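Residue numbers (the working numbering): 23 to 151.
Don't read these hints as lab results, they were simulated from the structure.
Since this is a predicted model, take the numbers as computed values, not measurements.
Don't be surprised by glycine CBs; every beta carbon is placed ideally from N, CA and C.
Watch out, some of these pointers could steer you wrong.
[Stated by the list, open to error] The following label-pair restraints were derived from C-beta to C-beta distances:
id, residue 1, residue 2, range
1, 138, 38, 30 to 40 Å
2, 136, 71, 16 to 26 Å
3, 71, 24, 45 to 55 Å
4, 144, 97, 21 to 31 Å
5, 30, 111, 41 to 51 Å
6, 83, 110, 20 to 30 Å
7, 37, 80, 23 to 33 Å
8, 64, 32, 37 to 47 Å
9, 67, 145, 27 to 37 Å
10, 81, 33, 34 to 44 Å
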Amino acid sequence: MPTFHQLLRYWRRKKVPTNNTAALQGNPQLKGTCVKLRIVKPKKPNSAQRKIAKVRLSTKRQVLAYIPGQGHNLQEYSSVMVCGGRANDLPGVRFSLMRGKYDFSWRENITRTKKRSKYGAPLSKRSDS
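Work out the full structure, taking the sequences as your base and the hints as a guide.
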């Protein structure tokens, strides 16, 4: 613990909170363009082939974003919508892409009833007759 005179000479500095999504600059989402598409392996103990994209945002910053869901139609120079939300087992991936916006559409044959918004799946038509 510092002495009284030490505190007079060097006052206590406040801790500045860090922002994990600083590239969005306070916006909930930003438009971006895919620069490169990659497949990476997650950290231990998980094992998979995760798809990520390097995206140049409209603010000229480049970030790594996770591509959610099964399959995608993205290519280089595809327009995408980037939102916050990190991939827990991928180091450096702090953003994810939104399905159903710009060039990143959902697959036609996907049928989900739960967690549809996460995967961008449309509401399936029920036949209640």
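Here is what the structure says about each hint:
1. Evaluation of the 30 to 40 Å hint for residue 138 and residue 38 yields a pass: the beta carbon distance comes to about 39 Å.
2. Our hint of 16 to 26 Å for residue 136 and residue 71 holds, since their Cβ atoms are close to 24 Å apart.
3. Taken as a hint, the range 45 to 55 Å holds for the pair residue 71 and residue 24, whose Cβ atoms sit roughly 52 Å apart.
4. Restraint check, residue 144 to residue 97: a C-beta distance of roughly 23 Å satisfies the suggested window 21 to 31 Å.
5. Residue 30 and residue 111 have their C-beta atoms about 48 Å apart, which keeps the hinted 41 to 51 Å range intact.
6. Remark: the range hint 20 to 30 Å for residue 83 to residue 110 is upheld by a beta-carbon distance near 22 Å.
7. For the hinted restraint 23 to 33 Å between residue 37 and residue 80, the CB-CB distance of approximately 31 Å keeps it satisfied.
8. Judged by the Cβ atoms, the range 37 to 47 Å given for residue 64 and residue 32 holds: they are separated by roughly 43 Å.
9. Taking the beta carbon of each, residue 67 and residue 145 are about 35 Å apart, inside 27 to 37 Å as hinted.
10. The hinted range of 34 to 44 Å is satisfied by residue 81 and residue 33, whose Cβ atoms lie roughly 35 Å apart.
Hint violations for this structure: none, all hints satisfied.
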